[in-house]
Structures are given as C-alpha cells and as structure tokens.
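Trainee: In the order they appear, the protein sequences are chains V and U. Going by the numbering used here, the residue at position 5 of the first sequence is 5; the numbering climbs one at a time, nothing skipped. Each number in the numbering used here corresponds to the 1-based position in the second sequence with 320 added.
These are calculated hints, taken from the structure and not from any lab test. What you are looking at is a predicted structure, and each value in this text was computed from that prediction instead of being measured. Ideal Cβ placement from N, Cα and C applies to all residues, glycine included. Mixed in with the good hints, there may be bad ones.
Below are the EDC-like pairs computed for lysine to aspartate or glutamate, each with C-alpha atoms no more than 20 Å apart in a straight line [claimed, not checked]:
(1) Lys183(V) <-> Asp458(U)
(2) Lys354(U) <-> Asp547(U)
(3) Lys450(U) <-> Glu5(V)
(4) Lys183(V) <-> Glu420(U)
FRET-style restraints, in silico, Cβ to Cβ [stated by the list, open to error]:
(5) Ala479(U) <-> Tyr115(V): 32 to 40 Å
(6) Lys145(V) <-> Gln452(U): 48 to 56 Å
(7) Ile295(V) <-> Gly468(U): 44 to 52 Å
(8) Ala479(U) <-> Lys145(V): 54 to 62 Å
(9) Ile273(V) <-> Asn511(U): 54 to 62 Å
(10) Leu476(U) <-> Leu274(V): 31 to 39 Å
(11) Asp458(U) <-> Glu197(V): 25 to 33 Å
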Amino acid sequence: MNIMERLKKAWWILPAVILGIIPLIFKEKSAYVSGILIFAGIYIILAVGLDLLMGYAGQISVGHASFFAIGAYSSAILTVKYGISPLLAMFFGMFLSGLIAWIIGRPVLALKEYYLAMATLAFNEIVITLIIEIEWLTGGASGLKNIPSFSLFGFTMKNNLHYYYFVWFVVFLVVAMTIAIVKSPMGRTLIAIHSDEVAARTFGINSTKYKTGIFVLVNVFASVAGSLYAHYMGFIAPDDFGVSTSVNMLVMLFLGGFGTIYGPAIGALFLKILPELTYFFQDYELLINGVILIIVLVFMPKGMYGIFVAMKRKIGFSRE
Amino acid sequence: MNMDKNGIILKIENISKRFEGVHALDGVSFSVKKGQIKALIGPNGAGKTTMLNVISGLVPPDKGNIYFKDNDITGQPPNIIASLGMGRTFQLIRLFTINEATVMDNLLIGASLTLKPGILKSIFLSGRVKRQETKLKDKALEILNFVGLSGKEGVLPSALSFGNQRLVELARALMMDPKMLVLDEPASGLNDMEVENFKGLLLSLKDRGITMLIVEHNMKLVMDIADDIVVLDFGKKLAEGSPKEVCANPEVIAAYLGTKDKNGDGVLCSK
Numbered sequence: 001m002n003i004m005e006r007l008k009k010a011w012w013i014l015p016a017v018i019l020g021i022i023p024l025i026f027k028e029k030s031a032y033v034s035g036i037l038i039f040a041g042i043y044i045i046l047a048v049g050l051d052l053l054m055g056y057a058g059q060i061s062v063g064h065a066s067f068f069a070i071g072a073y074s075s076a077i078l079t080v081k082y083g084i085s086p087l088l089a090m091f092f093g094m095f096l097s098g099l100i101a102w103i104i105g106r107p108v109l110a111l112k113e114y115y116l117a118m119a120t121l122a123f124n125e126i127v128i129t130l131i132i133e134i135e136w137l138t139g140g141a142s143g144l145k146n147i148p149s150f151s152l153f154g155f156t157m158k159n160n161l162h163y164y165y166f167v168w169f170v171v172f173l174v175v176a177m178t179i180a181i182v183k184s185p186m187g188r189t190l191i192a193i194h195s196d197e198v199a200a201r202t203f204g205i206n207s208t209k210y211k212t213g214i215f216v217l218v219n220v221f222a223s224v225a226g227s228l229y230a231h232y233m234g235f236i237a238p239d240d241f242g243v244s245t246s247v248n249m250l251v252m253l254f255l256g257g258f259g260t261i262y263g264p265a266i267g268a269l270f271l272k273i274l275p276e277l278t279y280f281f282q283d284y285e286l287l288i289n290g291v292i293l294i295i296v297l298v299f300m301p302k303g304m305y306g307i308f309v310a311m312k313r314k315i316g317f318s319r320e
Numbered sequence: 321m322n323m324d325k326n327g328i329i330l331k332i333e334n335i336s337k338r339f340e341g342v343h344a345l346d347g348v349s350f351s352v353k354k355g356q357i358k359a360l361i362g363p364n365g366a367g368k369t370t371m372l373n374v375i376s377g378l379v380p381p382d383k384g385n386i387y388f389k390d391n392d393i394t395g396q397p398p399n400i401i402a403s404l405g406m407g408r409t410f411q412l413i414r415l416f417t418i419n420e421a422t423v424m425d426n427l428l429i430g431a432s433l434t435l436k437p438g439i440l441k442s443i444f445l446s447g448r449v450k451r452q453e454t455k456l457k458d459k460a461l462e463i464l465n466f467v468g469l470s471g472k473e474g475v476l477p478s479a480l481s482f483g484n485q486r487l488v489e490l491a492r493a494l495m496m497d498p499k500m501l502v503l504d505e506p507a508s509g510l511n512d513m514e515v516e517n518f519k520g521l522l523l524s525l526k527d528r529g530i531t532m533l534i535v536e537h538n539m540k541l542v543m544d545i546a547d548d549i550v551v552l553d554f555g556k557k558l559a560e561g562s563p564k565e566v567c568a569n570p571e572v573i574a575a576y577l578g579t580k581d582k583n584g585d586g587v588l589c590s591k
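Excised from the complex, chain V in its bound form:
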C-alpha cells in the first residue's frame, strides 16, 4: 500500500479533528454552534443514505422522510408511552423500518422512474396520514412531547455537546459504511443496476435482491436519524416528516453532488448552516435557497463536490 492509498483510507481524520475542536473554538457560543451541527449531522445521515439509493442504485425516492418518521415515532412512542430505554427503542425502530422497507421494497422497486417517484411520494403521505389518524398512539397532528433525552449505558445526554459528539459519531459510522459499500463490488453492482438493469441481470446479478437490500439499509439509516432527532428535540410532530422534508433531502443531494456520497453530506451541511448565516435576511430565506440551487444546477451540474474534484485535479493531487 502506498502513501496515497493510506491517506485516502484516513479521509475521516481531518474532518473528525475539525469537528472535534469546533466546540472548543466557539467557547460560550458552542451550544448554539453545536445545535446547528447536530441538525446538519442528522440530515447528513439522511442525505448520504438517499444518495446510496438514488445516486448509486438509481432508485428514485421522493419519500425518504417516511422512514425518518418511522424511526422518530418508534423512539418517541416507546420511550414516552412504554418507558422503554432509548437505545432499545432506537433498535426497535431500526428493526421496524428494515422490516417495512423489506416488505414494501419488492413491489415498489419493481416500478421504474416516475412511477417509483410517485409510489414513494404516496408512501410518505400514507405514513403522515397514519400518524395523524392514530391519535391515541402518536398524539396526532399536535405531536408527541416530553421525549426523554437519549441515554447510553446509564449515561444521559443532558446538553448539546453530548448530542453533538454522539450524533457525529453516528454520522462517521454511516459515511464509513456507505463508502465501504460504494468502493466494493457491491457499489459496482449498484452502478450496473442503475445503468442497465436488464444487462446487469445477464451477468448473474439478482437485481431485485440488491435493490431491496439497499432500500432496507438506507431506510434503517433514516430510522436512526429519526431516533436521534426525536430525542434531541424532545418534541416531534407530523409536519417534521412531510413530503417537503423529503424534497429538502433531494435538494441536498443535487446541491452537493448526486452519486458522490461526500457531496450530499456537504449539501446537507451547507443547507443547514446557510439559514444561520443569512439570519438577517430571514424573510428571504426560501428565495436565497432557491437562487443558490438554480445557480448550482446550471453552472455546476456535478454539485459542490464537483468543484472540489475539479480543484484537486488542477493541483494535480488526484491520481487519474
């Protein structure tokens, strides 16, 4: 293994160090800053998963918030109503999400393109409608409050800093797993299915199995993000998980760079930090978001990550 490869393997060290010392730099403002970065982290988990599903496997989802909701509500209901420990509740949410994804994955992923988009959109609406209607369990439209803080082996997360380090630990875990997948033959298999499913099958690739498998995995990721969100917020409502949230994730994907994994992570980070920077123009927030998205899509079709790659090539850092 040469130095370049070793460096590539250690991709996570630099961002980990930066993120680790950020709270120290901001001192008295660290609660505020880490609060923003907690949200960013949760959305990175969602966006990276969605990129694995869409950018790699080529399976469109306009309803990625549905499993975000299932995870969040599993955690909230089990801890608030049944007094189950947050960690167990999170695992239950992951299991439930995986199971539901596995059951609906086969019929839904048999659909292609627009039809698949419509089906995932419809599923998002179904989940939200169910949450609103099953009021005795979910609190209906007014939501669930008093969700206890997350606790891990007797340690309860009391402040933003605790959540900050925990959420970002999960973010690194999810990104590392995703990178391992896309760099392996599994990633290539997804590319093959994305490119030409029929041709892929003639090489022995059981496309249904792989599509379902990746659908289960990314929705388990989304479920974890939901659990983290519920415990950090302490209060959740159906509005947090609607189609507009799903569309937001899509924006992160295209803004950051579709099919690059790191790109959507950058996109999520950017979109969650931006409103804080443009705080004074609050009334124009949506307008600013829209303009940025249009500029990126027109001038940088490969997203923000595409700029990094281009810069790396210019300096001659890349091996290609």
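Chain V is already provided as a structure; the job is to place chain U on it using the hints.
Mentor: Same frame as chain V, now just chain U:
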C-alpha cells in the same frame, strides 16, 4: 434425458412466443452441440433476437421448453441462467456508464458471479473482497489483452470507438467464464477490418472450448465460422444444417430472394 451424453449443451424444444397477436416464434426446435459455433440467421423480423432473449431469460416463452446443460431453464430469470454459465452480448451496445464507470469496472461487473457482492460482506469482509478483486483485475487485464484492448482499462467506454465498445462487451462476457456465449449481431456496425479481427477472436474462443450461438446478418462471417446454421423466417424454422446444406436449400433461397444484406449484395452465400 441426458444431453451430456449426446454432446448437446442447449436444447430448444417447440418454443412459441406471441407479441400482441404476432407470432414472433412459432414452434421452433433446435439444439446446439458442445464446442460448436451455431448461427441463427433469417430476414429482419424473423424472430432471431426474440429467440436469444427467450434463451437468456429476458423474455419468457409462451410454450415449449429450453434445456441448458441438463437443466430445464424454461422461464427462469436471466441471473439464474447466467449462473449456469451462459454469457451474452447485445445487438445495441449495453455497457455500464453511470458514475464514470470505466472499462475495468465493466469487466469486474462481468465477474459478479465470482465476486458475489453483498452489503454486509463489503462492510465486514473488505480485506477478503479486496484480495479477490485484485485477482480478478489481473484476469481482466489478461482478457483485455486477448481482445486487443491493453491499456484501455481506465478509460470510460464512451471514449472508445464503436468497434472497441463491442470488444469491451465481449471481454465483459468472458469475465464470467461462460460455457456458452450468446452473441446478438456482434459484427453489426464494424468495418471489414474489425469484422476480421472479431472473427479471429471468436475462432480462438471456440478453440478454448466455448460454445457459441450467434445471430448475425453478415453472411460472410457466418459462412466462415459457423459449424451449423438455423434459418428462421416469420418465427418458424425454415432450415437447419451445415452452411453448405443451408445455402443449397431452395426454401432458404426463396426466403432470401429479393432481400439484400447490409452490403447490398443480395446474395445469401456468395463464393
């Protein structure tokens, strides 16, 4: 039934397929012997590509049976049929191009049956997967060298000429160590020199023991390499036999009369 004893690798029995009232295939039967090159010819719309799609599992037949290496593969999905050792190439090139997939990526996807990719495997057994991949990369380089594309492994398929893309398709199919190759018009779009080159490759694959079923319009190529020919017309088998027998068959001549091949020669078996 023991096909192995008779040296038969693929047996087509009474296959019929209808598309919205059109008989694409109507009771077609033939078999392919182990190690031979069998050609499937016929005028446009005769049902040749449909036949290949039925064999490789892309289209289920309405009636009839298909046996490959003593397995009944009728109606089986393409991935199962591939796993038994059947590789194929397409009439219109179908290389994998998403996310800047290179020629090497395409070849490694061709080796999916050996690599057996998996989600958990890629996370927890990455070391073992890497070693296996390294071996397959060497094999891919060998195959690229064989088809005459040395040094092109890092290139995007779109940067290659049409003829070279066809060679990548062949190389990709070879990555799965096929017992039998099903080739759909491999020479279409190639110039004379490229056809000659392709012919040499197919003959040396035959020497390596790979059975081939080939649909082709280029009659010169067919006559040069085929051991056996099946002629289809309007979904029915018109004739079957050696190139000589088929050329002399009056029905075949009648079916081809007035039709012209790609070069405008208008003759089936020119001398």
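Trainee: For each hint, tell me whether it holds in the structure or not.
Mentor: Each hint, compared with the structure:
Proposed proximity of Lys183(V) and Asp458(U) is supported: the alpha carbons are some 18 Å apart, at most 20 Å. In summary, the hint linking Lys354(U) to Asp547(U) is supported, as the alpha carbons are separated by about 11 Å, within the 20 Å threshold. Restraint check for Lys450(U) and Glu5(V): the C-alpha separation of about 13 Å stays at or below 20 Å, so the hint holds. Between Lys183(V) and Glu420(U), the direct Cα distance comes to roughly 13 Å. Compliance with the 20 Å bound is thereby established for this hinted pair.
Checked against the given bound of 32 to 40 Å, the beta carbons of Ala479(U) and Tyr115(V), roughly 33 Å apart, stay inside it. Remark: the range hint 48 to 56 Å for Lys145(V) to Gln452(U) is upheld by a beta-carbon distance near 52 Å. At roughly 46 Å, the beta carbons of Ile295(V) and Gly468(U) sit within the given window of 44 to 52 Å. Restraint check, Ala479(U) to Lys145(V): a C-beta distance of roughly 58 Å satisfies the suggested window 54 to 62 Å.
Checked against the hint of 54 to 62 Å, the pair Ile273(V) and Asn511(U) passes, with Cβ atoms roughly 56 Å apart. Range check, Leu476(U) to Leu274(V): about 34 Å between beta-carbon atoms, so the 31 to 39 Å window is met. The hinted window of 25 to 33 Å between Asp458(U) and Glu197(V) holds, with their beta carbons roughly 29 Å apart.
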